[in-house]
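Asks: Top line first, the protein sequences correspond to chains A and B.
With my numbering, letter number 4 in the first sequence gets 4, and the count goes up by one each step, no holes.
All you need for my numbering is the position in the second sequence, starting with 1, plus 1000.
Calculated directly from the structure, the hints in this document are not laboratory data.
Please note that the accuracy of each hint is not assured.
Examples of chain A residues toward chain B, derived with CB under 8 Å [to be verified]: (1) K27; (2) A41; (3) G42; (4) S81; (5) L85; (6) C221; (7) R255; (8) I267; (9) L275; (10) E289; (11) C290.
All values reported here derive from a predicted model rather than from experimental measurement.
Quick reminder that beta carbons are idealized off the backbone N, C-alpha and C, glycines included.
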Amino acid sequence: MFPIVAARPLARGIKLFEIKAPRIAKKQKPGQFVIVRLDDAGERIPLTIADADPEAGTVTIVVQAIGKTTMLLSMLEVGDSILDLVGPLGKPSEIEKFGTAVVVSGSVGTAMAYPTARELKRAGNKVISIVGARSKDLLVLEDAVREVSDETYVMTDDGTAGQKGLVTEKLKELVDAGLVDYVLAVGPVPMMRAVAKLTSPQHIKTMVSLNSIMVDGTGMCGGCRVLVNNSSQFACVDGPEFDASQVNFEVLMQRNNMYREEEKQSIERLQANPLEQLMKLRDNILQHECAALAAEMAHE
Amino acid sequence: MSKSNNPLPNKERIKLPRQKMPEQLAQIRAHNFQEVNTGFAPEQARQESLRCIECNKPGCMDKCPVSVDVRAVMDLIVKGDYMGAAAKVREDNALPAITGRVCPVEDQCESGCVLGKKGESVGIAYLERFVADWERSSGQFGLPKNVESTGNKVAIIGSGPAGLACAGDLIQMGHQVHVFEALHELGGVLIYGIPEFRLPKDIVAHEVQALRLRGVEFETNVVVGKTVTIDELLNEEGYDAAFVATGAGLPRFLNVPGEHLNGIYSANEFLTRVNLMRAYRFPEFDEPLYPCKDRDVVVIGGGNTAMDAVRSALRLGARSASILYRRTEAEMPARVEEVHHAKDEGIRFEMLVNPVEFLGDEKGNLTAVRCTRMQLGEPDESGRRSPVTIKGSEFETPCSVAIIAAGTSANPLIQSSTPGLQITKRGYIAANDDTLATSKPGVFAGGDIVTGGATVILAMGAGRKAAKSINEYLETLESATSVGNGQEEQSSVVPNLKN
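One chain only, chain B, in its complex shape:
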């Protein structure tokens, strides 16, 4: 590494306090859809980047699923070369403005930061966000240089975080990349799932535009498995490989009585209406939403999706917005920052309760949810203590809207339309852990369609891993065609399925 731009000795650096992320006041933001965190000013960014002690073996980079060269980025920020910093991040991370906002950094890069052992880690995500925002507001793009074309064509199914990350790497390797998206807008869960106040949609559009400028082609309104099949893409449309990154899919319901009452949503539907369809701007936008204003809304679940849903409901003017969760706060899978934000905004947390029935009026509109109280019993297979019903503890909570955020199960669209594609017991696509190759030659899969519901950055990590394997696969294809026997050469990358 070249000489550091940081003028401070390490002793001084570790004395610097961690910069606080400026945010909208809780009372104000609870009533709008604008971003909660407002981002660093340049001076703050410099102050924060000065804290990096430039470890020889950077734990931050090790802990990053896409291995961003954090140390080099910090140094470029210290230097004031923000555009250079953006380009540096983009070498490993196609979506810096997004990961800088939604990554669970406390478990990743920032958990690897040596400063965090005694004090507070460097605010890596805040800085990543800063350089990406700087780039965007400049109206320019800090793009890596394009490389010579290999002539290979790769189809990516799904424009969510896995698909976009894969596209970014493959285009950098010189392949022709075509991304198919089922919905009308690009970004997958970044658009339909994560709300505007956590990830503004124009940021996703900007990252997509950066990929487009680098040569990635996008096609919306194509449901692969219905509009066209994987076999047709490979055999008729001339694609040499395909990466399936279609996301988790079908919402789980609770299967309790009354779940068909009006006012009960899956978190997927509620968030899709609000985010993708902009129902919070009805009637300016057509898509309606069952009214939340001045009514009681409950959200069932304790993950990030539940937090997104309940905070959206509050912003839609709910009189009360509550989380109902059947374990305790300690077991909630949601990010700590999200829970804090939610509490500051006035979200109620009802722990150790389990809905058993939804109650409605004669028109079929939801009026209440009947719950039982729970206590924690023995740990289950996930290691979390499983909740047990306390007998005779039933009670009713009045509500007009209930949102069920109980996870998702595999959408079978691709699996059922692709002969020769092996699936797991739970219906997800079976892929080799190391290569993400599926049982079908040339077809790779990653992200939630393989792992089940996870995080944006893990999906991006899968996208990058797939890009590497696809690149290797395409190289073997080329050497195979040059010696004229495709079949045998191909078999070297036919996967060894672990699950």
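This is chain A alone, in the form it adopts within the complex:
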């Protein structure tokens, strides 16, 4: 059981959680993720670690409510617990002195890119962050990003914050000016694909963090396989970051749509009676807490 010790909304439909998980907090590095399961009927979903405090034994995740599990998770508050949290999984981001590193992120992806941007800065890079969102009310962690970046550009589709336009438009300006040695892109697949298309012909080293569907997260099932340089790689153990110029984004998008119907059905079930689902989850957690207590007493 992993208690939630802090919870606050960051933007519309996006919420930050600090969760007590001392083992993970101690080991995690930027770019790694956890797998979360909320209750006994729950699915396992990967979420990138946004931050951690090894002293306090907490990890931070930022969740956008887009599927059933993320919606239910977003209803949780301080005092609730996460039933299962496992990690840190995947390989950490590559941190080196590249020169000028551009960190491109879309919406909730900013939370995932933030710790890597911070480490890139620490490693002596000039860090330029390009933070994108559809609209102002979907921007997250802009201030945190500014703090660890030498330059920060905000791009919104509707111009409600920063400049109106796509993150790739700003990136193109920087690339054209010959200023870029390294790019990390984290966000929706079409955005990452557009970044790859822009930087690959220029031979600028570019990494993307892939969000494929996972089950165990330890390499056992192969469900997260992606085509990289025409060979099968597992996002959970070989990634999640891959060389953007090698990634087949079409296959990634196709596979991410594999359960679209089922996802819709689950969301409808939740939305039909969200409070009942929340109560069920809390009952379930309580049962587990009682069982754990009983086991502890039996042991003594």
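Fit chain B to the supplied structure of chain A, relying on the hints for placement.
Replies: Chain B alone, transformed into the frame defined by chain A:
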């Protein structure tokens, strides 16, 4: 051995017919996930146990990888002391309800039964299952007595059959045992791999509970190699030894075109979704599964995993569920009983076919698999005749779901995070055949992570062997600390690596 409880002379015993295992009708069970075999009634169990002629040199015990005292168990059943029989089995076998269901007994205990030479062997597995089920339904546990604590701490990595068997023995030797599991549920392959209709999950939970009552501690959601390393367990968390029993690991794919289409699964993923995540109960359970209902499903492979996958697909409502195998039925590694069950249920067996490409529609959904026909050529290194493609024999089989059960390769998580741990050419952990000691002092390894994919009982046998070696290692540690030079004493158990 004390006086036999069996009232019959041997002449009478060998005339008794072997009791048949009652099972759900094939037409019915093909549509549910309840257990196929329904188990003996007490009278049947007594009848079957009466057949044992109590050999002086019991071949059954010799052939059992964990050396269960079968003869004594049979006698306790004859006597009607089923709880005593359960406790007797548990002395050597921490998981009787499980092995009684999934052991390949025709190659093990039952192949050693002298009755089998002329007629049919005693149904040892059925009886083992009977006593374990009796115990479980009684709500009590037939547990061996606990022993005095040695104060030694052992970490077991993985809660599958090897880890659980090792835990059962080590706790009996008085050591403190802590089992780490990467997934959220305990049991390893018994939970994620073997389907409910072959091994109900509550049975695994019961066996785990028995270990817990005997003092074994369990911690889920710990991926050793990621969440914590072996070195940290030994150096920072105070463990005196570790047993690595993490299982086989990474699924093999065929590396043919189209393998990324939607609807293509590794058997590991398909079974994990269905078993561990209960996807067959979607949407009550969240984890989705690519739909099998009223569609054609093919499973590629001929092992027990392939049988589990294809029979699961049938139960999910597949219109057709077929096995595609590139050799013939004679070479199939699956257990005979499983193949029979599958055939009774209506599974199709397509022998001597080899998939060469998966075909899909514009959305990337699987529509067919292109195969070639094969014929058997010369025997390969495994002794099986290797299949050779027949030229010009290509054909397409329509299907919406394809499950690849082509075996697994070593998961490198532990190996890559543990300096000083030697690995084999194929990437598995190198361990001494006799002691299961690895190249790293205090670290032992067994089960599929050493041998590659094998069976539940072989993994359990490895777990027991490791427990014995770990116990010996801990004894040398103790005598070493008492004379104050750990290093030299330890070297006596540093392994002599054979592979």
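Asks: So, for every hint listed, does it hold in this structure?
Replies: Verification of the supplied hints:
no. : hint : in the structure
1   : K27  : holds (6 Å)
2   : A41  : holds (5 Å)
3   : G42  : holds (5 Å)
4   : S81  : violated (13 Å)
5   : L85  : holds (6 Å)
6   : C221 : holds (4 Å)
7   : R255 : holds (6 Å)
8   : I267 : violated (10 Å)
9   : L275 : violated (18 Å)
10  : E289 : violated (15 Å)
11  : C290 : violated (15 Å)
Hints 4, 8, 9, 10, 11 from the earlier list are contradicted by this structure; the remaining hints agree with it.
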